[in-house]
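Visitor: So you can see what is in the structure, the chains are spelled out below.
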Amino acid sequence: MIRSLFFAPANRPDLVVKFPRFSADCSVIDLEDGTPSGEKAVARTALAKTVDGARKAGLAGMLAVRVNVPDSPHYLADLEAAFACDIDAVVIPKLESPAQALAAVHWIEHGCKGRGRRPMLIGGLESVRGVLNAVRICDETPYLGAVYFGAEDFAADIGGRRTRDGDEVATARGWAVMAARAAGLVAFDQAVLDIRDDALFTEDARRGRDMGYQGKICVAPAQVALAHAAFSPTQEEIDYARRLVDAYEAATARGIGTIDFEGKMVDGPLLKRSQAVLAAAGAA
Amino acid sequence: MIRSLFFAPANRPDLVVKFPRFSADCSVIDLEDGTPSGEKAVARTALAKTVDGARKAGLAGMLAVRVNVPDSPHYLADLEAAFACDIDAVVIPKLESPAQALAAVHWIEHGCKGRGRRPMLIGGLESVRGVLNAVRICDETPYLGAVYFGAEDFAADIGGRRTRDGDEVATARGWAVMAARAAGLVAFDQAVLDIRDDALFTEDARRGRDMGYQGKICVAPAQVALAHAAFSPTQEEIDYARRLVDAYEAATARGIGTIDFEGKMVDGPLLKRSQAVLAAAGAA
Amino acid sequence: MIRSLFFAPANRPDLVVKFPRFSADCSVIDLEDGTPSGEKAVARTALAKTVDGARKAGLAGMLAVRVNVPDSPHYLADLEAAFACDIDAVVIPKLESPAQALAAVHWIEHGCKGRGRRPMLIGGLESVRGVLNAVRICDETPYLGAVYFGAEDFAADIGGRRTRDGDEVATARGWAVMAARAAGLVAFDQAVLDIRDDALFTEDARRGRDMGYQGKICVAPAQVALAHAAFSPTQEEIDYARRLVDAYEAATARGIGTIDFEGKMVDGPLLKRSQAVLAAAGAA
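Residue numbers (this note's numbering), protein chains in the order written: chain A, 695 to 978; chain B, 695 to 978; chain C, 695 to 978.
Keep in mind the hints are simulated off the structure, nothing from the lab.
For chains that are exact copies, the list does not tell them apart, and a pair is met inside one copy or across any two.
SDA-like, lysine to any residue: derived pairs with alpha carbons at most 20 Å apart: (1) K966 x P730; (2) K712 x C779; (3) K966 x P764; (4) K958 x P915; (5) K966 x E943; (6) K958 x R858; (7) K958 x T896; (8) K966 x S766; (9) K958 x A914; (10) K712 x A742; (11) K958 x D891; (12) K958 x P730; (13) K966 x G732; (14) K958 x A893; (15) K958 x I932; (16) K743 x G949.
Produce the complete structure using the sequences and hints provided.
Guide: Next comes the structure, spelled out in structure tokens:
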């Protein structure tokens with residue numbers, strides 16, 4: 695389970711070293727938006743040391759580096775620097791085609807030899823073209839293990855405006871999660887920038903989980919615990935799932951495949967969802 | 695008009711024989727989710743007898759058989775058994791590509807010779823991949839006459855959760871009906887599992903009809919009448935359409951193509967919709 | 695900025711001559727839905743004179759002609775007549791493929807020689823197939839400068855019904871604007887037919903602008919000013935953008951790339967959106 699994707703700027707090793715206390719499932723050292731243009735080269739040069747700082751601080755979850763966008767002058771240098779570090783994933787923002795990830799694939803296949811495991815890629819679906827190409831990106835990008843839907847960048851790219859209910863990005867958010875899940879990838883939902891509005895984060899996370907997202911971008915430390923709560927089954931969900939599975943198994947033993955369970959007509963799909971809840975609960 | 699798709703388990707011939715009293719526009723004998731795994735082979739062997747039971751009971755609407763999913767071990771045997779029966783349609787659940795229907799096409803073209811009519815196919819768009827491939831499925835699957843959007847299976851497949859307002863499946867539900875209607879297919883909307891909540895069914899059906907769906911999956915006998923009401927023009931709609939068509943024809947006779955009708959600016963599209971309402975009312 | 699697309703029937707030169715006082719950013723002489731079938735040939739014959747009437751009246755914005763749909767018997771004659779006039783754009787309704795625009799491309803490339811500028815095309819995405827093919831249409835149609843999403847025609851084609859909140863067309867409306875914006879085209883949002891309901895128009899325009907639309911179809915003169923207000927940055931938006939850009943620039947000078955600004959975590963995307971607001975304000 696990767697329920698939280700927490701970012702800290704690559705030019706802030708003082709924050710990166712605090713990653714363990716923020717307890718994100720995946721912590722990301724950000725060379726892109728979080729690091730100002732004038733600081734990017736220095737932050738890249740210091741990346742290995744910054745990564746070591748997080749590792750030595752005793753990070754439990756995954757550690758990733760977000761590089762700059764593929765069409766930036768930083769991209770190739772960022773990739774080379776990132777894959778030289780002891781990381782679990784590289785995040786490519788504003789991914790618009792599988793081809794853009796090929797330089798990363800090169801380093802995964804030729805630059806990481808001798809390590810125990812190969813890092814995976816996490817792609818950002820956050821431009822209009824990236825969302826339109828999401829199916830191809832998710833199906834055809836080697837080593838892609840997860841994607842996130844970036845609503846803020848998407849809104850900036852399309853020339854729209856963000857609202858609290860987020861209806862303006864509903865189609866893009868819905869398309870991105872379909873592309874990800876059809877390809878078997880982990881799907882991270884959009885960020886909530888209102889960092890002191892916990893209720894908004896939780897409501898937005900609930901909607902995202904309903905849609906099929908499995909985790910969420912976190913832009914403030916306090917959002918990590920909210921994400922973990924929102925993307926883990928509640929006790930109520932676990933209890934309901936247990937009752938449903940029990941009732942269904944009892945019915946099946948009597949040759950009945952569709953049951954009237956607590957007011958709902960239940961057959962395969964609800965059984966499958968309840969089994970998934972129990973599996974997630976067991977894994978948590 | 696096919697406004698209702700009502701399912702009963704294939705291992706329950708006692709229910710199938712009651713199809714005539716449920717009065718669905720299309721009644722479906724279900725070998726898939728409705729029939730437990732252990733009963734599927736027996737139900738298939740008895741299928742012809744079960745179909746005969748429904749026919750002899752005097753079924754007025756269409757009669758169909760839903761086979762198991764294409765990647766199941768039952769699929770080919772189910773198809774062979776289904777097409778050997780006196781049915782109007784075969785329902786293929788979780789259809790993900792036109793190729794998956796080719797075995798059914800074989801039976802339609804080579805196994806049904808000598809009958810008066812060829813059965814049609816009804817496809818289930820209810821996996822994430824199936825929805826993503828919906829345009830190709832609807833455009834390129836021979837003998838496909840209708841599809842349904844299965845929200846419960848879709849939610850199970852994507853790993854999401856269903857809510858009363860259904861916003862979490864809005865993009866998938868919207869994409870599926872576009873694919874179906876562009877190809878000229880009948881589109882059936884998602885099921886409502888809360889079998890004692892008539893208001894929810896009616897509200898969900900209203901939304902579906904607004905989107906372009908022409909009928910709805912029914913999982914309880916009482917839902918059939920609700921579906922027929924929801925997917926038929928109301929008297930109010932018929933009266934409005936009649937007034938609009940009259941006003942428009944009068945204006946056209948005076949060389950005017952756009953009219954201010956009861957507060958709305960009316961030209962081609964509203965005229966076309968009103969004519970469709972009157973045609974549906976005449977056909978009902 | 696083209697915020698309004700205002701239509702008047704081609705058989706009503708008395709209305710066309712009033713275009714200047716309606717002040718739309720783009721005024722359209724409509725040979726399609728606005729002109730009854732029996733009047734189309736006459737209106738086409740008189741088109742050059744009608745266009746001259748608008749020009750002589752001192753029209754400031756763009757002037758366009760909407761031809762009949764590509765599969766109509768009028769299409770080629772309409773195109774020939776339209777491109778012979780002094781117009782800025784030709785509107786092709788119900789565009790379903792780039793190929794349908796090739797006859798227009800012919801006239802642009804071979805029929806308009808010697809003029810100062812070539813007219814552009816504006817395509818209507820308003821059939822189900824047109825929306826499904828929107829990406830290809832927007833990417834591959836030469837001289838396409840803008841598209842509009844036509845919800846009324848879309849609803850008529852899919853067999854649905856329009857509601858005030860418009861949820862029934864949300865997926866189509868969301869897909870069309872993505873296709874347009876990814877290709878760099880201007881995107882016009884759906885019409886509001888309730889011509890005396892200013893609040894509805896403004897609310898619908900707000901949603902459209904949130905989604906990325908840059909203007910709106912207007913079916914009554916009073917809607918033009920509403921569209922201009924809705925699709926221009928408000929003073930509040932301009933002030934916010936100015937404060938945000940200032941704060942971000944000050945932070946960047948201190949080596950900080952992500953700031954806590956008025957309760958939101960701000961980095962690249964919000965900066966980019968604020969810069970766009972200021973650019974639009976300056977251009978207005």
